[in-house]
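Use the sequences and the hints to build the structure in full.
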Amino acid sequence: MQSTTLLSPPTASSRFYKLCAQILQPSFRRHQSSYRRARSKLNIKPDASFLPSKTEQHDHIIYNPPPSMPNIYHTPNIFLPNNDRRKVIPDPETRQLQLQLSHELPALKGQREKRYHLTEKDVEEMRELRKTDPTQWTVNRLAKKFDCSPVFAIFVTEGLAKEKGEQQKLVTKIVKSRWGTKRREAREDRELRKERWYRDE
Amino acid sequence: MKRLRLLKWSGSVLSPRTRPDHIQSQLYTFRRCLATAAAPSESFDESVEELADAPFLPEEILQRLPSPPVTAAKTSAKLAALHARLSLPSRLPLETLARTLVDASADPSIRFNNKPFAVLGNDLLGYYTSEYLLSQYPRLPLAVVFAAMYAYHGPATLAAIAREWGVEAAAEPGGEVDPGLLQFKRLPPEPKPELPHPQLISTRQEENPKFRRTMSSRSVYDDQFGEIKRRVQGAETSQEKGATLQRASTDFVRAVFGAVYLHAGRAAAKQFYNDHITSRQVDMASLFHIKNPTRDLSRLCAREGFQAPVAKILSETGRKSRTPVFVVGIYSGSDLLGEGAGASLDEARIRAAVAAMKGWYLYSPTEFRLPSEMEEPGARPWTPILVDPGEIAN
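Residue numbers (the UniProt record's numbering), protein chains in the order written: chain D, 1 to 201; chain Z, 1 to 394.
Hint data in this document are derived by calculation from the structure and do not stem from the laboratory.
Note that the structure is a prediction, hence the values are computed from the model and not measured.
Just so you know, not all the hints are guaranteed correct.
The calculated lysine-lysine pairs, modelled on DSS-like cross-linking and capped at a C-alpha distance of 30 angstroms, are [stated by the list, open to error]: (1) Z/LYS185 x Z/LYS229; (2) Z/LYS320 x D/LYS144; (3) Z/LYS291 x D/LYS144.
Rough simulated footprint, nothing fancy, chain Z against chain D, three-plus residues with beta-carbon under 8 angstroms [stated by the list, open to error]: (4) 60-72; (5) 84-94; (6) 103-113.
Every residue gets a Cβ at the ideal spot worked out from N, C-alpha and C, and that includes glycine.
And the structure:
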């Protein structure tokens with residue numbers, strides 16, 4: 001199991017997994033002789049936050065919550081209106097640090113800044129191509145040719161190749177009609193699961 | 001702010017003579033004029049008075065009445081128990097409570113059924129809930145407001161409240177029935193539901209799915225839950241046919257709210273509302289379904305003048321395994337807008353965008369005042385609540 005955590009000190013569990021990877025050789029059999037060895041090796045020291053504190057003299061509360069999603073009712077700072085008491089306006093140093101931290105994180109692929117580099121003429125040409133030969137000039141090919149996103153190509157050429165769309169629908173219908181029960185159920189389940197993304201539950 | 005003199009207008013609801021009633025026979029009409037009477041009627045038959053004064057009426061007269069007589073309210077243990085259980089104000093008489101239990105399908109006369117109270121109670125519930133929602137969550141989209149209204153005082157909730165109050169339904173309405181029971185004529189069972197897809201499970205039934213209804217048209221033309229208003233004619237025919245238990249319980253709970261308002265005043269009604277409706281918890285975050293979360297989020301950032309949102313990987317594990325987990329955060333400049341975890345980068349990103357949109361919509365001010373507070377005498381000067389520029393257009 002591979003575990004990478006960015007920007008935060010390794011947690012107890014990640015250290016545990018690393019230790020496991022080091023000391024436990026992959027073996028396919030458990031023997032009476034190896035059981036005790038594995039058990040004693042896995043008996044590792046607990047996380048520092050669970051050990052008795054050196055600074056606190058008396059009983060105290062240990063706050064070490066498990067990692068979990070942030071509460072949805074805690075509005076992000078940037079979304080708070082200016083007259084809200086909870087709004088924190090960070091000083092320049094903190095802001096700089098935060099910006100640096102957020103820049104260090106790897107961004108997801110496929111996110112580009114909007115460039116607005118296409119002119120009216122390009123758009124006209126795009127439409128012409130799509131109208132004349134919709135089978136040759138698919139949305140993806142147009143996007144590649146004009147160096148824009150497929151979504152933009154869809155917006156531009158919307159409703160220009162209706163027969164093509166109907167043909168494609170027919171093809172999809174024929175393909176779907178050949179699906180068996182297993183595949184159909186799996187696809188439907190996937191749709192249901194995907195619907196839950198948009199409710200974030 | 002101008003005050004509405006609702007109490008003045010509602011005098012006609014409380015007085016026994018609102019309009020001549022031809023359905024009832026003369027004798028019983030006069031006798032039953034005592035129902036929640038505020039002013040005595042002039043033309044009063046003495047023989048009927050004798051009849052009405054007696055706590056128990058003869059059986060044959062009772063059986064001819066559509067709903068229990070007013071005098072029976074004092075003798076009903078169930079009714080007194082309900083009054084005490086709800087700790088209703090003492091200014092609300094048992095007779096009125098008995099009247100709120102009579103549905104329009106049991107007694108068509110609006111002088112003896114709960115219809116006028118239910119109409120008032122429905123309006124009160126809509127007013128209190130909507131002002132509470134809009135003050136607490138000023139940025140909610142309209143669709144979520146409708147769903148939340150439905151969750152707070154929709155028919156299903158009100159029927160559940162009636163059940164929690166311990167109100168039982170009579171098998172059949174009539175004069176001899178205990179007035180502490182909910183009385184309505186039951187809808188005869190239908191042989192087959194007329195739904196096109198009975199296996200489809202949904203909470204709302206669209207009456208005309210082909211007709212396109214936008215959110216703005218819902219807010220103008222439709223009722224408080226964003227549903228098409230039922231036509232008056234249809235309502236009358238359905239009244240003759242009967243009512244379902246849910247419908248009757250809904251009208252009963254609404255009528256109780258209206259009756260508390262009329263008899264005990266605005267403050268008592270507000271208190272009653274807080275005790276029974278505001279105290280119910282609704283998980284607002286579960287009411288959202290955002291179709292294009294990433295697009296909406298970038299539009300929101302552009303509108304509010306934030307930097308364009310960028311999705312970044314916060315942590316991940318098992319990228320090449322069968323069960324990977326990615327945690328993606330969406331950043332605008334240095335600010336984290338939302339965070340989501342998923343088994344693929346797409347899922348995590350969409351979940352993070354949805355969480356960011358929910359974070360925007362579910363903003364709640366630390367302290368807020370309700371417009372109805374201004375109706376109280378000696379209220380502090382009004383401080384305006386947050387008014388949002390509006391939801392992100394779809």
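Taking the hints in turn, this is what the structure says about them:
{"no.": "1", "hint": "Z/LYS185 x Z/LYS229", "in the structure": "holds (23 angstroms)"}
{"no.": "2", "hint": "Z/LYS320 x D/LYS144", "in the structure": "holds (29 angstroms)"}
{"no.": "3", "hint": "Z/LYS291 x D/LYS144", "in the structure": "holds (27 angstroms)"}
{"no.": "4", "hint": "60-72", "in the structure": "holds (count 3)"}
{"no.": "5", "hint": "84-94", "in the structure": "holds (count 3)"}
{"no.": "6", "hint": "103-113", "in the structure": "holds (count 6)"}
When the structure is compared with the earlier hints, no violation turns up for any of them.
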